[in-house]
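Peer 1: Sequence:
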Amino acid sequence: MIVTTTPSVEGYTITGYYGIVFGEVISGVNILKDLGAGLRNVFGGRSQGYEDELVKAREEALAEMQQRASALGAHAVVGVDIDYEVLGQGDMLMVTASGTAVQLAAKG
1 MIVTTTPSVE
11 GYTITGYYGI
21 VFGEVISGVN
31 ILKDLGAGLR
41 NVFGGRSQGY
51 EDELVKAREE
61 ALAEMQQRAS
71 ALGAHAVVGV
81 DIDYEVLGQG
91 DMLMVTASGT
101 AVQLAAKG
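Residue numbers (UniProt numbering): 1 to 108.
Worth double-checking, as some hints may not be accurate.
Pair by pair, the computed Cβ-Cβ distance ranges are [unchecked claim]: (1) Tyr84 x Gly19: 21 to 29 Å; (2) Glu60 x Ser8: 39 to 47 Å; (3) Ala105 x Ile26: 31 to 39 Å; (4) Ala71 x Tyr50: 27 to 35 Å; (5) Gln67 x Ser8: 17 to 25 Å; (6) Glu10 x Gly88: 17 to 25 Å; (7) Lys107 x Gly28: 43 to 51 Å; (8) Thr15 x Gly88: 41 to 49 Å; (9) Lys56 x Gly108: 38 to 46 Å; (10) Lys107 x Asp81: 19 to 27 Å; (11) Tyr50 x Gly79: 22 to 30 Å; (12) Ala106 x Tyr50: 35 to 43 Å; (13) Gly108 x Val86: 41 to 49 Å; (14) Thr13 x Asp91: 39 to 47 Å.
Bear in mind the hints are in silico, worked out from the structure with no lab data behind them.
All C-beta atoms, glycine included, are put in the ideal place defined by N, C-alpha and C.
With the sequences and hints as input, model every part of the structure.
Peer 2: Written out as structure tokens, the structure reads:
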């Protein structure tokens, strides 16, 4: 499935719109990652634990969005946007992917 941030797909014509589709993931961050991140705040550097969790959550949100688009019969999702929010006391991360599910036909 084609997933793009652009409003169209080069070489294709949008022939049908199925509406907005979403993928949402809320991920908890454990105490060991919090401890490592806290130390990096003091000493500097990147928090690999948080970065890994962010990548995983983003990939899951995009996959969920694609599954929902596919269930509607879509060939692609255009206009994709990804949002990030911190929930609670900073121990939960929410990633939301959204876009428009569409049907495509090759330009010929």
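Peer 1: Indicate, hint by hint, whether the structure satisfies it.
Peer 2: Verification of the supplied hints:
no. : hint                       : result
1   : Tyr84 x Gly19: 21 to 29 Å  : holds (23 Å)
2   : Glu60 x Ser8: 39 to 47 Å   : violated (26 Å)
3   : Ala105 x Ile26: 31 to 39 Å : holds (37 Å)
4   : Ala71 x Tyr50: 27 to 35 Å  : holds (32 Å)
5   : Gln67 x Ser8: 17 to 25 Å   : holds (23 Å)
6   : Glu10 x Gly88: 17 to 25 Å  : violated (42 Å)
7   : Lys107 x Gly28: 43 to 51 Å : holds (46 Å)
8   : Thr15 x Gly88: 41 to 49 Å  : holds (43 Å)
9   : Lys56 x Gly108: 38 to 46 Å : holds (40 Å)
10  : Lys107 x Asp81: 19 to 27 Å : holds (26 Å)
11  : Tyr50 x Gly79: 22 to 30 Å  : holds (28 Å)
12  : Ala106 x Tyr50: 35 to 43 Å : holds (42 Å)
13  : Gly108 x Val86: 41 to 49 Å : holds (47 Å)
14  : Thr13 x Asp91: 39 to 47 Å  : holds (46 Å)
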